[in-house]
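Asks: The primary structure of each chain is shown beneath.
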Amino acid sequence: MGSYIPSTGAQREEMLRAVGVPSFEALYADVPQEIRFPELKMGTGRSELEVAAELRAMAAKNHVFSSIFRGAGAYDHYIPSIVKRVTAKEEFVTAYTPYQAEISQGILQSIFEYQTMICELTGMDAANASVYDGATAAAEAAAMCRDRRHSRVLVSAAAHPAVRSTVRTYCEGAGVEVAEVPVRDGRTDLEALQGLLAAGDACFYLQQPNFYGVLEDAAAFGAAVHAAGAKFIMGVDPIAAAALATPAECGADIAVGEGQPLGMPLSFGGPYLGFMACTHELFRKLPGRIVGETTDSRGERCFVLTLQAREQHIRREKASSNICSNEALCAMTAAVYMAAMGPQGMAQAAQLCTSKAHYLASRLGETPGFELAYPKAEFFHEFVTRTPVEPQRLLKALEEQDILGGLPVEDGILWCVTEKNTKEQIDRLVEIAQEVARA
Amino acid sequence: MGSYIPSTGAQREEMLRAVGVPSFEALYADVPQEIRFPELKMGTGRSELEVAAELRAMAAKNHVFSSIFRGAGAYDHYIPSIVKRVTAKEEFVTAYTPYQAEISQGILQSIFEYQTMICELTGMDAANASVYDGATAAAEAAAMCRDRRHSRVLVSAAAHPAVRSTVRTYCEGAGVEVAEVPVRDGRTDLEALQGLLAAGDACFYLQQPNFYGVLEDAAAFGAAVHAAGAKFIMGVDPIAAAALATPAECGADIAVGEGQPLGMPLSFGGPYLGFMACTHELFRKLPGRIVGETTDSRGERCFVLTLQAREQHIRREKASSNICSNEALCAMTAAVYMAAMGPQGMAQAAQLCTSKAHYLASRLGETPGFELAYPKAEFFHEFVTRTPVEPQRLLKALEEQDILGGLPVEDGILWCVTEKNTKEQIDRLVEIAQEVARA
Amino acid sequence: MKLIFEKSVPGRCCALLPACDVPVRPLESRFARKDPPRLPELSEVDLSRHYTALAGRVHGVNDGFYPLGSCTMKYNPALHEELAALPGFAGVHPLQPQHTVQGCLEVLARAEALLCEVTGMEQMTFQPAAGAHGELTGLLLIKAYHRDRGDAARTKIIVPDSAHGTNPASASMAGFEVVNIPSAPDGCVDLEALRAAVGPDTAGLMLTNPNTLGLFDRNILQITRIVHEAGGLNYYDGANLNAVMGVARPGDMGFDVVHLNLHKTFSTPHGGGGPGSGAVGAGALLAPFLPAPRAAAAGGGYAFETPPKSIGTVKAFYGNFLVVVRALAYILTLGGDGLSEASENAVLNANYLKALLAPYAPPACAGVCMHEFVVTLERLKKETGVTALDVAKAMLDCGIHPPTMYFPLIVHEALMFEPTETESKETLDWAAAQITGILRRAAEDPQSLHAAPCTTPVGRPDEVAAARAPKLRYRFDTL
Amino acid sequence: MKLIFEKSVPGRCCALLPACDVPVRPLESRFARKDPPRLPELSEVDLSRHYTALAGRVHGVNDGFYPLGSCTMKYNPALHEELAALPGFAGVHPLQPQHTVQGCLEVLARAEALLCEVTGMEQMTFQPAAGAHGELTGLLLIKAYHRDRGDAARTKIIVPDSAHGTNPASASMAGFEVVNIPSAPDGCVDLEALRAAVGPDTAGLMLTNPNTLGLFDRNILQITRIVHEAGGLNYYDGANLNAVMGVARPGDMGFDVVHLNLHKTFSTPHGGGGPGSGAVGAGALLAPFLPAPRAAAAGGGYAFETPPKSIGTVKAFYGNFLVVVRALAYILTLGGDGLSEASENAVLNANYLKALLAPYAPPACAGVCMHEFVVTLERLKKETGVTALDVAKAMLDCGIHPPTMYFPLIVHEALMFEPTETESKETLDWAAAQITGILRRAAEDPQSLHAAPCTTPVGRPDEVAAARAPKLRYRFDTL
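Protein chains in written order, with this note's numbering: chain A, 481 to 919; chain B, 481 to 919; chain C, -17 to 461; chain D, -17 to 461.
Worth flagging that the hints you see were computed from the coordinates, not collected in a lab. Check the hints yourself; a few may be wrong.
Here are the simulated distance ranges between beta carbons [as the list claims (entries may be wrong)]:
hint : chain 1 : residue 1 : chain 2 : residue 2 : range
1    : B       : Gln881    : A       : Gly489    : 55 to 65 Å
2    : D       : Phe286    : B       : His793    : 32 to 42 Å
3    : C       : Pro344    : B       : Asp605    : 33 to 43 Å
4    : D       : Lys16     : C       : Pro344    : 52 to 62 Å
5    : D       : Lys16     : A       : Arg778    : 13 to 23 Å
Sample of chain D residues lacking proximity to chain B, with all beta carbon distances greater than 12 Å (derived) [as the list claims (entries may be wrong)]:
hint : residue
6    : Ala37
7    : Asp133
8    : Glu174
9    : Ala178
10   : His210
11   : Pro232
12   : Pro270
13   : Ala279
14   : Gly281
15   : Glu326
16   : Tyr342
17   : Pro344
18   : Thr369
19   : Asp427
Note that beta-carbon positions come from the ideal geometry of N, C-alpha and C, so glycine has one too.
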């Protein structure tokens, strides 16, 4: 039987005697007899060899595609080896939340550095130590904007579906109204937003690039939202953020996003990372852990969890969020990733993504029927094409060649290209697409 | 271009100025002009992404079998996860030989512990910190036994071919005669050895279990060798050693072996580990690094490389071996493996190997033609069967089912079974063998 | 030590990405940012040493004893990390066709079945990423249930005052009004107070059992019955499940919904504050409301399905999947017998350590405890001036992670110890000797404890200054 | 700290292996051992903490500066470890059918071609596991060559007295007589002494260039010509190749055989003393004698072949294959331009550090050095009593791994620094400040240096006692 209990049978007997009870059974005297020691209907424990083999067999039932052209909220970027090596260090992996600053400086400093990098990436003034993912970051950001006079939450319909549904779930729980701003030609409809905005609105959430890969005229949305007295929340892709006008430059009050592209593997959807940053005016409303700099008893710089007066363990039902455990190791991963890439590497990644995505778009465009769904829009590394054949037929043909094609969406297929996709892979995809179109 | 040089171009210029030379070129003034700066005919440097993809593509050109029934000097044992995790720690991986004891206690202590475990496994009095592999361990052991009056080296022909050829290469270099003791019925011929033994013989090397998996009557060989005034060297499998009479019990003067089964992956043949242990009389002749216990300036127990007077950097041409770098990280791997397994786990591994090997032998035996080649011999986890069909035909059929069958040898096929082979795998192998035999 | 930004050298970099093998296509300039982010510029050797140095300034479970109460800091097996890193798990896109992710779906479905068996629930979601996230989810289920029944009056959640702070915060986030009820001195529910609190406005009760004083509430069946009879539902905060796996199931205790902290009870590592997994199990009443999607057996394989009355999603995709992989490996390793053995030994270890400390650190409650216990140093403080904080800080100098301090709030100068079952008798004996040594020293040399810790990389931080004038990011202009 | 045996508890274990699923078949009892080995009995948490503690007592390249002369302690990229662990490499049996190991053969063949290009050799073997093993192999090639020519008289190998100790030891192991020749004060070969030494009994010369004083022998072409004209062959000890990659090739210098330390020059980690790889390259004369087997292109793929006059094997299988994987990744990453850049910067770093130290630690030779340099503290010792050893030990307290001490033997109170190209200017500036600080302190407070180190886990060990009464294993009976 598998077990991670070090004390031997003899030691356990000795300990029971020291405690003064005759048996394990006696330790549970307070548990009502009728519900005590149920028979758990599951196998008995197994050896490491067996469990390893069984989980490996499960992993083998999944297909890992050798080239991936699907994004839609989870992106196949290159992960530098040093990122994996650093974040596998047992000290980082096995520690708890850094309550005891004196023996947690490694984690605290790494998060302080992470917060700084997120601020640099977004142009914002302050960042927290992470929330669960991009979708919950959006929901938490919306909650930050609510006050007695501002309640309704507006969300672009061009935001990721999971973001929209998560914001809705959170808001419905809190009894807050959510309204969606429609999409036109792959872009959020600014006029529609202006028509919708009303005095009691708390905020508007815009995703940049949006779910269809399209770049929005973010600053114009920011101006419109502020004119109505609401807050402007931008959800940004962190790789694109290295190249695009920052949320701060676009007038955002809060910037959030899914941090997975910053060094986290696809992992069937998690663990990922929600990052959150905001202006100086709002930082005391940020949810979750925040690390701050201070000095220790010896006068040296050190770091601590700070602003805890915001948090649930102090404020209890008056806290604006209940978050405590966040995604600290993912935040460290993002920090190591950004440090390894540096400003040059981030810019290079962004440029490779854009160039390769445009190359695929133009190559696909050689075949009639593969027109861009939103030809007037600028895009970063995702775009939608119409298809001359049923999308599923094309995707099946790609799958047979070990290629994960784009995601089927209303107007066709949503393709994604990253720095990992070589010209050879792209050309091969186009070749297959042409064959399928001809067939 | 790939590079691991941190100093920037500007810094390099500054450093050249500080050194007082105008250029890199000037640093190489002593290199004759006619051979300076050859054009290296190889590609320019590449990014990490590209190199990772290229090496992964090479790895993908190999086939990793899902079940392995081949041993013959490299064994597919289960490697506990903790072994990999511990030995991947960067401190252990990136340190040099522990010359500076004060900041190398981690490595020194782990090797001291390894030496102790090897002594326990073999029953011998002292062990070194490893040599390159089992074959070179045999060659080094033979060298330990030579003196002015004893020179010829006798080797069992039932030893692993690589051991025999390596001993021969080493001895030929040193101008020492090697003679092989023939095999009869899968066992080393004791009478032939007795006939061969002569006054000037330095040693006799016996492998237990031998290359054909067969257990030798080792003690009888020990007695015969000692009677002739020579030394008795035993080469042992370390998993079998947990169950078999120890080399010490068999009268060995030196015990050596291939340590790969102790937690090292198959790795296409290396890095592996040569372990060496000997009696108290011989320990000052052990080659290579040895760690010893002592006390530090504060009176505390600590560990150092010791007995360096044996070694090449002191004795130069009078040293009996030239070894310095050995397989320290593999030795640590073996130590972590043995500590994780403990005496119970080692005994269990040995019992599983033997039981499963005998199960395969008996199941194969159900099909006519798959007779044991050496039916009277006891075996540990390897055995030879004759085959009713051409061995290559059977092996090809197994390969098609993702099974690496045994190794073709003179008398048939040399099978190996370990604790990793499940009953299901064994039954499947037998089923295929029966099909091939019927076809 | 220096910040990573202070080690940055302009122009330095790692050579990670290739040159562009297609025509370079710059973004339209109107979309471009003005200045590049001031990320650090380092070589790989700089990075390696920076983070090696940071790792040396962290105490993890692999470094030593970590009896942090309520956090269940058990040992994290090496196997789990190996399995979670398998390309067959880590390399899978969440939106792949379902026939290409049957292994992932199997992980989710099997982990669900096993955890339902442990908790006595019907179905489970892995979407919540942490315990608090699970609480919110569970409360949204309760809310959806009452709404679905057309009962709009049930707007209140009852929370004992001994509860973790997340309970009231979660209830509030889910749009409930919180009714705090006082607990008995032993942290158990005051049945009279509960009876007085329930009514037609009761949506439910949130409870952790064993409670935050480490006691199993012997009235548990009455408590859940009172709430049920009032038309409310019972929420089980799984923070303390490590005491009762295979011993008693929340479902059998009368709970309708349970959240688990896989990163506590099921041995997945905590990562310095996440990623965790706050899986939520629902009984028959609440299962139809679970978040979507949920992996289920279908046609010889597995498929995602949406529960009929799903509350929607509480996170993108399916939760922290790789954490579930680890938890599944853990459960398969232990099996039913191993799970109860783990709980029994967690309880034994707590009682043993409590007994060793008792002469110097009086327990807040008499009798047998569950997997954790609370001591009060009120008298020590009165007699010597040494506080629970001082004692905790002195433990840092012994290489022991301090217990949870000043919680639960109902105990003065509280220290809450949770040794977990993965500590050996020797470790407990050693730790007890260290701690009693500190407590004895409190009388002889209180100043030395006020001055602790001395051997840590930094001394006590000035937390007040940190909060008063927050410095939340590195300021490049202060260079 | 405790030994692992002192942490053992009878009956404790890890649950690693399954129950037997076939009939248990005990070994015939006459073959069984009497007592089980006294291996330690621990749980996984014990193991994890034991080795975590040991790792904390090791200084690796990831921890900081490591200027150990002659050892080329450059940074070991993380990528290499990731690639070497790929199942496609680590999971391959050495005796698989060749069509199932084409990737492994490609690794060997491509690494061979690239390293031959760097060294100017024709063919290469990866069988030797370390530098010294490569020396033995190379000398056996020379021996086989002369024997093949029927020239039995060539029994002597010439070795300058500044050579690494492995050179004469290897020559002796290979059955040669060693002729030591004195070197010039700068460690270069004394041409007259060489001319006097060569003759019809000369099998060959062993040389490292740059030499052990860090100087490139400007007479190198004359030296190799003298040996060749006498009928001998030239052996290049590759220990110092890191100075001259892409700058000068041993083959072009006149060498017939070369060994490389992949774990030095080609950035594979040293593992605390191995596994390394002592690849041996042979020119046209010696290639036919290389060990068997050797991977070579064949029929669109790769196959093993046996060189026509092979000396046999010097190790089982094909050498430390996973080390070759790492070296190949390194060479592909750097490329031809990167290799010469690496050497140039290794040389620059050495000269820069030498310049910074020169005011306090006089170099043993004037002028430009190659990738390493030697200082002599003879005068310091005379004036202050502080020895090179004292200075080295004081460096431990600064977090710097000391340089190689008391080598080469021809320099008194020698310290040999090799910073390598992977150290930054800041690191060199910082280290120089630390070291010059120590050297200044030697005059003011020599006693503090005799007492160093103070901050390491242990103080200076009593090496004499260790050698006099060797304790080479744990004694259970002393418990």
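Asks: Confirm or reject each hint.
Replies: For each hint, the structure was consulted:
Distance hint check: the CB atoms of Gln881/B and Gly489/A are about 44 Å apart, inconsistent with the given range 55 to 65 Å. The supplied range of 32 to 42 Å is met by Phe286/D and His793/B, whose beta-carbon atoms lie about 36 Å from each other. Between Pro344/C and Asp605/B the Cβ separation comes to about 55 Å, which falls outside the hinted range of 33 to 43 Å. Checked against the given bound of 52 to 62 Å, the beta carbons of Lys16/D and Pro344/C, roughly 53 Å apart, stay inside it.
The supplied range of 13 to 23 Å is broken by Lys16/D and Arg778/A, whose beta-carbon atoms lie about 59 Å from each other. Annotated as non-interface, Ala37/D brings its C-beta within 12 Å of a C-beta of chain B; the closest such distance is 4 Å. With a least CB separation of 16 Å from chain B, Asp133/D remains clear of the 12 Å interface cut-off, as annotated. Even its closest Cβ contact with chain B, about 20 Å, leaves Glu174/D beyond 12 Å, as expected for a residue assigned away from the interface.
Even its closest Cβ contact with chain B, about 19 Å, leaves Ala178/D beyond 12 Å, as expected for a residue assigned away from the interface. Every Cβ of chain B is farther than 12 Å from the Cβ of His210/D; the closest lies at roughly 15 Å, confirming the non-interface assignment. Some Cβ of chain B comes within 12 Å of the Cβ of Pro232/D; the nearest lies about 10 Å off, and the non-interface call is violated. Against chain B, the non-interface label of Pro270/D holds: every CB pair exceeds 12 Å, the least being about 16 Å.
A cut-off of 12 Å between C-beta atoms confirms that Ala279/D is not in contact with chain B; the least separation is 14 Å. Residue placement check: Gly281/D keeps its beta carbon more than 12 Å from all beta carbons of chain B (closest about 15 Å). For Glu326/D, the requirement that its beta carbon stay farther than 12 Å from each beta carbon of chain B is not met, with the minimum near 4 Å. The beta carbon of Tyr342/D sits about 16 Å from the closest Cβ of chain B, which is more than 12 Å, so the claim that it is off the interface holds.
The non-interface label for Pro344/D is consistent with chain B: the shortest C-beta to C-beta separation is roughly 16 Å, beyond 12 Å. For Thr369/D, the condition that its CB be more than 12 Å from all CB atoms of chain B holds, with the nearest at approximately 15 Å. Every Cβ of chain B is farther than 12 Å from the Cβ of Asp427/D; the closest lies at roughly 18 Å, confirming the non-interface assignment.
Checked against the numbered hints given earlier, the structure breaks hints 1, 3, 5, 6, 11, 15 and satisfies all the rest.
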